[in-house]
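K.L.:
These are the residues of each chain, in order.
There are 2 protein chains.
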Amino acid sequence: MSGRITIALDAMGGDNAPRSVLRGATIAKRRHPDLEFLIFGDEEKLAPMMKRLIRLRRSSTIIHAPGVVSADEKAATALRSGRNSSMRKAIDAVRDGEAAGVVSAGNTGALMAMAKVVLKTVPGIDRPAMASFFPTLRGETAMLDLGANIECSADNLVQFATMGETFARTVLGSLRPTVGLLNVGSEEVKGHEELREAHAILKESGLAYSGFVEGDDIAAGTVDVVVADGFTGNVALKSAEGTAKLVNEFVRRTFKSSLLAAVGYLFARRALIKLRARVDPRRYNGATFLGLNGIVVKCHGGSDALGFATGVGVARDMIRNGFIEKMVREFHALPAGEEGERPRPAQGPAIGLSAQPVSPS
Amino acid sequence: MSGRITIALDAMGGDNAPRSVLRGATIAKRRHPDLEFLIFGDEEKLAPMMKRLIRLRRSSTIIHAPGVVSADEKAATALRSGRNSSMRKAIDAVRDGEAAGVVSAGNTGALMAMAKVVLKTVPGIDRPAMASFFPTLRGETAMLDLGANIECSADNLVQFATMGETFARTVLGSLRPTVGLLNVGSEEVKGHEELREAHAILKESGLAYSGFVEGDDIAAGTVDVVVADGFTGNVALKSAEGTAKLVNEFVRRTFKSSLLAAVGYLFARRALIKLRARVDPRRYNGATFLGLNGIVVKCHGGSDALGFATGVGVARDMIRNGFIEKMVREFHALPAGEEGERPRPAQGPAIGLSAQPVSPS
Numbered sequence: 045m046s047g048r049i050t051i052a053l054d055a056m057g058g059d060n061a062p063r064s065v066l067r068g069a070t071i072a073k074r075r076h077p078d079l080e081f082l083i084f085g086d087e088e089k090l091a092p093m094m095k096r097l098i099r100l101r102r103s104s105t106i107i108h109a110p111g112v113v114s115a116d117e118k119a120a121t122a123l124r125s126g127r128n129s130s131m132r133k134a135i136d137a138v139r140d141g142e143a144a145g146v147v148s149a150g151n152t153g154a155l156m157a158m159a160k161v162v163l164k165t166v167p168g169i170d171r172p173a174m175a176s177f178f179p180t181l182r183g184e185t186a187m188l189d190l191g192a193n194i195e196c197s198a199d200n201l202v203q204f205a206t207m208g209e210t211f212a213r214t215v216l217g218s219l220r221p222t223v224g225l226l227n228v229g230s231e232e233v234k235g236h237e238e239l240r241e242a243h244a245i246l247k248e249s250g251l252a253y254s255g256f257v258e259g260d261d262i263a264a265g266t267v268d269v270v271v272a273d274g275f276t277g278n279v280a281l282k283s284a285e286g287t288a289k290l291v292n293e294f295v296r297r298t299f300k301s302s303l304l305a306a307v308g309y310l311f312a313r314r315a316l317i318k319l320r321a322r323v324d325p326r327r328y329n330g331a332t333f334l335g336l337n338g339i340v341v342k343c344h345g346g347s348d349a350l351g352f353a354t355g356v357g358v359a360r361d362m363i364r365n366g367f368i369e370k371m372v373r374e375f376h377a378l379p380a381g382e383e384g385e386r387p388r389p390a391q392g393p394a395i396g397l398s399a400q401p402v403s404p405s
Numbered sequence: 045m046s047g048r049i050t051i052a053l054d055a056m057g058g059d060n061a062p063r064s065v066l067r068g069a070t071i072a073k074r075r076h077p078d079l080e081f082l083i084f085g086d087e088e089k090l091a092p093m094m095k096r097l098i099r100l101r102r103s104s105t106i107i108h109a110p111g112v113v114s115a116d117e118k119a120a121t122a123l124r125s126g127r128n129s130s131m132r133k134a135i136d137a138v139r140d141g142e143a144a145g146v147v148s149a150g151n152t153g154a155l156m157a158m159a160k161v162v163l164k165t166v167p168g169i170d171r172p173a174m175a176s177f178f179p180t181l182r183g184e185t186a187m188l189d190l191g192a193n194i195e196c197s198a199d200n201l202v203q204f205a206t207m208g209e210t211f212a213r214t215v216l217g218s219l220r221p222t223v224g225l226l227n228v229g230s231e232e233v234k235g236h237e238e239l240r241e242a243h244a245i246l247k248e249s250g251l252a253y254s255g256f257v258e259g260d261d262i263a264a265g266t267v268d269v270v271v272a273d274g275f276t277g278n279v280a281l282k283s284a285e286g287t288a289k290l291v292n293e294f295v296r297r298t299f300k301s302s303l304l305a306a307v308g309y310l311f312a313r314r315a316l317i318k319l320r321a322r323v324d325p326r327r328y329n330g331a332t333f334l335g336l337n338g339i340v341v342k343c344h345g346g347s348d349a350l351g352f353a354t355g356v357g358v359a360r361d362m363i364r365n366g367f368i369e370k371m372v373r374e375f376h377a378l379p380a381g382e383e384g385e386r387p388r389p390a391q392g393p394a395i396g397l398s399a400q401p402v403s404p405s
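Just so you know, the protein sequences line up as chains R and D, in that order.
So the number in the working numbering is just where the residue sits in the first sequence, counting from 1, plus 44.
So the number in the working numbering is just where the residue sits in the second sequence, counting from 1, plus 44.
Treat the hints with caution; some may be incorrect.
Copies of the same chain are indistinguishable here, so a pair counts whether it falls within one copy or spans any two.
[What the hints assert, rightly or not] Under the rule of at most 27 Å between Cα atoms (straight-line distance), these lysine-lysine pairs were calculated in the DSSO-like manner: (1) Lys234 with Lys160; (2) Lys118 with Lys164; (3) Lys289 with Lys300; (4) Lys160 with Lys118; (5) Lys247 with Lys118.
Hints are computed from structural coordinates only; laboratory data are not their basis.
Bear in mind that the values here come from a model prediction, so they are computed numbers and not experimental data.
Required output: the full structure, derived from the provided sequences and hints.
P.N.:
Next up, the structure:
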């Protein structure tokens with residue numbers, strides 16, 4: 045559990061880059077002294093900023109990358125012409141073993157496309173998925189796919205379930221996370237055909253599979269891992285985010301609605317600030333691409349330094365707890381995924397055994 | 045705009061029936077003195093309860109229906125063997141012109157199946173959809189389909205858009221409601237094929253179509269009507285409900301977390317109670333089946349009297365404002381929906397003209 049962890053940073057991605065990236069890395073370094081960084085970006089812009097960040101400078105190497113992938117660039121364009129971009133070079137560093145993971149707040153589609161091409165998926169996984177975790181009534185729940193795969197087969201969903209289960213063990217520390225498939229009812233006859241097929245496979249798998257769950261089970265924390273196709277997962281995530289914003293705004297207006305309420309706010313202020321910190325979206329900022337031969341964390345485009353630091357923290361935890369090794373082991377136990385053969389999640393004991401953290405390479 | 049409105053009530057549907065139904069009807073009658081009721085259910089159970097509800101008794105007729113559709117009954121079973129049920133007889137009363145609409149808190153699937161068979165869809169509409177409205181940052185937004193149709197074609201979505209637009213004009217009073225299609229991004233290339241096809245049709249329609257919207261646009265109130273297939277709409281609705289519950293619970297815990305916070309609560313209490321009333325799910329209790337030759341409102345199974353009264357109020361508003369007549373007019377202007385021909389929403393002027401409330405029959 046000792047040793048340094050090197051993470052590649054795309055310094056030019058995101059609305060507030062490169063400032064938020066450098067400051068975020070500084071915060072992450074303070075939280076996790078075992079971190080070192082390869083910082084990819086425009087050297088001329090980065091160097092003057094780094095001058096003031098002495099602590100960061102000591103544990104970082106700046107690597108010049110002249111190109112920037114813009115926020116609205118098509119993934120295909122970025123793939124073709126972005127070979128000199130900070131994003132691409134940061135991913136290349138993971139492929140080349142120079143860094144154990146990469147963090148970017150840049151263009152999501154471009155990041156996913158480049159990561160897929162450069163890092164490739166783990167054997168047994170057809171498509172990577174985007175995962176994140178959220179506060180719930182019972183703690184935290186992981187959800188995937190959040191938007192990488194609009195159409196998903198039953199096999200994709202089963203693979204997501206296994207990846208998500210490993211993610212929950214690695215990042216949330218659940219020993220035997222429960223897994224649910226997002227549907228519109230808990231009866232077996234509900235939902236799309238792929239869902240029913242995935243349900244049948246998962247019931248026979250060694251996972252702690254809880255069956256179908258519904259939209260309100262996400263925030264209730266009914267299961268540790270919620271699995272959905274990328275379309276459904278994205279809609280659920282954004283509906284939840286929108287509602288949280290709405291209720292927060294209603295509460296804010298309530299405290300401004302009368303003098304008494306304003307006085308009440310003064311008394312409850314400290315507790316309310318704690319609450320805000322607890323549900324601060326910046327605490328849940330890292331969406332992770334699962335299923336690749338390397339850790340890839342995507343921060344919100346609008347991330348500030350704190351948000352970016354959270355993303356770096358997620359990458360660091362996944363590396364420290366051996367996420368990739370665990371996942372490879374899960375999928376290694378499966379049939380090789382030949383034509384017509386269906387990869388199945390590993391049976392019980394294999395999952396139980398791999399619950400111990402694995403030392404990073 | 046005068047005259048009595050008769051609504052058929054399924055007195056035996058819902059967890060708290062028949063008490064909540066009778067009490068709910070009493071509240072609705074107080075709010076809307078123009079209401080009269082046909083109350084379907086077990087006469088022996090209803091009669092003693094009605095004794096104490098003098099006001100309701102004067103404006104109601106009890107009609108004996110010996111059967112009850114249970115909460116877990118399959119829709120097909122209810123259709124076959126539920127001809128003497130309170131639910132079925134209440135729907136029959138709408139078909140026979142004895143009531144202008146029906147309200148039930150019973151089994152959703154059975155209600156939809158029976159209503160479809162008995163009332164039939166309006167010419168030009170292939171499938172009915174479930175709609176409701178929700179509080180947003182800008183007022184209220186209607187959303188459909190909330191779960192009646194798991195798989196939807198582009199034509200279904202276009203019909204939902206037109207139905208939803210009429211619903212928003214009728215119930216929310218928007219003069220020219222804006223309509224959005226729920227997707228995972230606003231770019232034209234995003235989402236399932238049916239969505240992109242519906243998008244292309246809606247752009248050419250006379251509706252105030254705003255294009256694709258995302259999950260967080262629902263609570264933001266970006267558009268007046270959010271259109272989705274029943275699977276996506278259901279997941280979005282329930283994710284939002286779950287999140288609202290979560291944030292409310294966090295706020296509740298916050299005020300209990302310290303003495304100062306508890307004191308703060310005392311000061312802000314009145315304002316917070318107002319807030320609770322504002323987002324009270326019982327205010328948003330009526331899901332309406334749109335597209336049928338008759339008004340059908342489904343209340344939550346767990347509705348109490350207030351919740352049921354809200355459902356009755358929605359039915360009453362739709363009848364009073366001539367929802368069915370408006371909808372028939374919208375779809376009348378369209379090609380008859382012959383084989384291979386695609387029904388399209390009416391062009392601009394027709395929609396503008398029908399914005400005036402129409403007298404109920």
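K.L.:
Which earlier hints can't be squared with this structure?
P.N.:
Hint check: nothing fails, all pass.
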